[in-house]
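Trainee: Residue 128 in the working numbering is what sits at position 128 of the sequence shown, and the numbering runs on without skipping anything.
No lab work stands behind these hints: they were computed from the structure. C-beta: ideal position from N, C-alpha, C; glycine also. Watch out, some of these pointers could steer you wrong.
[Said to hold, decoys possible] Here are the simulated DSS-like cross-link-like pairs (lysine-lysine), alpha carbons at most 27 Å apart as the crow flies: (1) K73 x K103; (2) K151 x K167; (3) K136 x K39; (4) K154 x K167; (5) K63 x K43; (6) K103 x K67; (7) K167 x K92; (8) K73 x K63; (9) K136 x K151; (10) K67 x K151; (11) K167 x K73; (12) K92 x K63; (13) K63 x K103; (14) K103 x K136.
[Said to hold, decoys possible] With beta-carbon atoms standing in for the labels, derived distance ranges: (15) E57 x M125: 29 to 35 Å; (16) D108 x M165: 24 to 30 Å; (17) D108 x K43: 30 to 36 Å.
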Amino acid sequence: MIYYISGGARSGKSSYAQNLALSLTNRPVYLATARNWDKDFEKRIIRHQQDRDERWENIEEEKYPAKIDFTGKVVVIDCVTLWLTNFFVDTKYDVEASLEQIKQAFDDLTQQEATFIVISNELGMGLHADTESGRKFTDLQGWCNQYIARKADKAIFMVSGLPLMLK
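Make the full structure from the sequences, and use the hints.
Mentor: Structure (structure tokens):
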């Protein structure tokens with residue numbers, strides 16, 4: 001089962017995903033895809049970690065989570081945007097290579113018999129990026145989101161803390 005939850009920054013995606021996971025199991029897994037880029041990002045990681053209590057198993061994996069056995073578990077993947085950033089940076093901003101690599105990593109992961117709750121940002125609904133790399137990443141994120149949304153059993157769009165059920 002794949003749940004796909006998207007929305008803008010601070011739209012309530014993570015809270016909704018965590019509550020959903022806890023409604024499905026008493027021992028969910030939180031799969032963090034972020035790299036610790038700087039001090040500000042470290043603060044964000046700590047804040048997210050503090051949002052979860054002892055019921056959660058926390059796993060960090062930047063690119064290839066399929067190497068971890070999640071069989072029978074409920075896994076919150078937070079988030080596609082940061083996961084995708086890792087591929088984008090590592091391919092030196094190659095959109096096609098990044099998209100193919102994350103699609104393969106996603107498909108490999110979701111072959112497992114588990115419930116995945118996938119969080120992603122909707123970047124293309126705000127201001128147009130003022131840099132070439134920003135515009136490329138916005139396009140890449142949109143294509144990646146479409147791919148995951150098509151594969152998902154359920155899709156939820158978060159707006160102002162409220163879920164809008166898409167499918």
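Trainee: If a hint holds in the structure, say so; if it doesn't, say that too.
Mentor: Going through the hints against the structure:
At roughly 21 Å between alpha-carbon atoms, K73 and K103 fall within 27 Å of each other, so this suggested pair holds. Between K151 and K167 the alpha-carbon distance is near 11 Å, which keeps this suggested pair within the 27 Å criterion. A hinted pair counts as satisfied when its Cα atoms are at most 27 Å apart, and K136 with K39 qualifies at roughly 26 Å. Note on K154 and K167: the hinted pairing holds, with a Cα-Cα distance of about 5 Å set against a maximum of 27 Å.
This hinted pair checks out: K63 and K43 have alpha carbons roughly 21 Å apart, not beyond 27 Å. The suggested pairing of K103 with K67 holds, with an alpha-carbon distance near 15 Å, which does not exceed 27 Å. Only pairs whose Cα atoms come within 27 Å are accepted, and K167 paired with K92 is rejected, the gap being roughly 35 Å. The straight-line distance between the Cα atoms of K73 and K63 is roughly 19 Å, inside the 27 Å bound, and the hint therefore holds.
Restraint check for K136 and K151: the C-alpha separation of about 23 Å stays at or below 27 Å, so the hint holds. Distance restraint check for K67 and K151: the Cα-Cα separation of roughly 20 Å lies within the 27 Å cut-off, and the hinted pair is therefore satisfied. As the CA atoms of K167 and K73 are separated by approximately 22 Å, the hinted pair is consistent with the 27 Å bound. At most 27 Å may separate the alpha-carbon atoms for a hinted pair to count; K92 and K63 meet this at roughly 15 Å.
Taking the CA atoms of K63 and K103, the gap is about 11 Å. The hint holds against a cut of 27 Å. For the proposed pair K103 and K136, the alpha carbon gap of about 17 Å is at most 27 Å, so the pair holds. Between E57 and M125 the Cβ separation comes to about 33 Å, which falls inside the hinted range of 29 to 35 Å. Against the hinted window of 24 to 30 Å, the Cβ-Cβ separation of D108 and M165 comes to about 28 Å, which satisfies the hint.
Taking the beta carbon of each, D108 and K43 are about 32 Å apart, inside 30 to 36 Å as hinted.
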